[in-house]
Amino acid sequence: MAAPFTLRKIGVPPNSANLTEARRRVFDFFRAACRSIPTIMDIYNLQDVVAPSQLRFAISAQIRNNAHITDPKVIDLLLFKGMEELTDIVDHAKQRHHIIGQYVVGEGLVQNTGNKDQGRTGFLKNFYTSNYF
Amino acid sequence: MASLSTTSLSFKAPSTRISQVLRKGSSFQSVTFGRFTSSTSKSLRLQISCAAKAETVQKVSDIVKEQLALTADTPLTAESKFTALGADSLDTVEIVMALEEKFNISVEESDAQNITTIQEAADLIEDLVQKKPAA
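Chains as they are written, first to last, in full-length UniProt numbering: chain A, 1 to 133; chain B, 1 to 135.
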């Protein structure tokens, strides 16, 4: 069995010098997050709800959201926020419904948009979008 | 056998193994290559130079297909590069993590940077599976 992965808390490192180093840090963060997934599933009892591959996809989707950023300092800050989030989750500072709501259902993987649009007619949809239809 | 086609391509990796084995002389049926004795009864030299089992390559291909959401009929050989299949660098890291989970191994960053094709990934996995102590 591979040695269990523990998230070591290190102090804030100095800013990345260039895009290559920022890129390397992004991958390191992604690896750390993926290796913490078994712990997370264990803490929040997500075994029946979601598969590890789906969580990996959710994490990579969040990273891809910001893939267009080119400033290393902005990337560093985003990584800092991401690391903070990951540390909170691993420390059990969040609760199960947070994880499920943020990374599985809702704005996560599964979209629950069915009920909102049910009662609307074509008239109302057009009305909400513009004056002229 | 399908393994014959890969022996020439992946020859550079196990060449050191072969030279070590030839030096050892008679005791080369021992621990390190015990896995291969069950596969074929051809000359041992062919067995040693076969770097990765076909089933490992198949499992890696399955994971790659699932990760990159490829359709079932895209041509996927052992030498396909991940970038040629439409993976960006984050996808490559994700594939390596999926392989880590599936095979229960731990890939170091320096090793992970060299993986560009399916065959290399399978070779690395075989290496690590062999090296880790049997649980």
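Don't take every hint at face value.
Claimed, not checked - Partial list, derived from the structure: chain B residues whose beta carbon lies under 10 Å from chain A:
#, residue
1, E66
2, Q67
3, L70
4, L76
5, L85
6, D88
7, E94
8, V96
9, E100
10, E101
11, S106
12, E109
13, D111
14, A112
It is worth saying that the hints were derived from the structure and are not from the lab. Glycine included, each C-beta is placed from N, C-alpha and C at the ideal position.
Going through the hints against the structure:
1. About 7 Å separates the beta-carbon of E66 (chain B) from the nearest beta-carbon of chain A, less than 10 Å, and the hint is met.
2. Checking Q67 (chain B) against chain A by beta carbon gives a least distance of about 8 Å; that is within 10 Å, so the hint holds.
3. Because the beta carbon of L70 (chain B) sits about 15 Å from the nearest beta carbon in chain A, more than 10 Å, this interface hint is broken.
4. For L76 (chain B), the interface hint is violated, the least distance from its beta-carbon to any beta-carbon of chain A being 19 Å, above 10 Å.
5. With 10 Å as the threshold, the beta carbon of L85 (chain B) stays out of range of chain A, its nearest partner Cβ sitting at about 16 Å, so the hint is violated.
6. Interface restraint check for D88 (chain B): the shortest CB-CB distance to chain A comes to about 8 Å, inside 10 Å, so the restraint holds.
7. At a threshold of 10 Å, the smallest CB-CB gap from E94 (chain B) to chain A is about 5 Å, leaving the interface hint in force.
8. Against a cut-off of 10 Å between C-beta atoms, the interface hint on V96 (chain B) holds, since the closest Cβ of chain A lies about 8 Å away.
9. With a cut of 10 Å, the hint placing E100 (chain B) at the interface with chain A holds, because the nearest CB-to-CB distance is about 7 Å.
10. Hint on E101 (chain B) holds. Least Cβ distance to chain A is approximately 6 Å, under the 10 Å limit.
11. The criterion of a C-beta within 10 Å of any C-beta in chain A is met by S106 (chain B), whose closest approach is roughly 4 Å, and the hint holds.
12. At a threshold of 10 Å, the smallest CB-CB gap from E109 (chain B) to chain A is about 7 Å, leaving the interface hint in force.
13. The beta carbon of D111 (chain B) is not positioned within 10 Å of any beta carbon in chain A (closest approach about 12 Å), and the interface hint is therefore violated.
14. A hinted interface residue such as A112 (chain B) counts as satisfied when its beta carbon comes closer than 10 Å to some beta carbon of chain A; here the least separation is about 8 Å, so the hint holds.
Hints 3, 4, 5, 13 from the earlier list are contradicted by this structure; the remaining hints agree with it.
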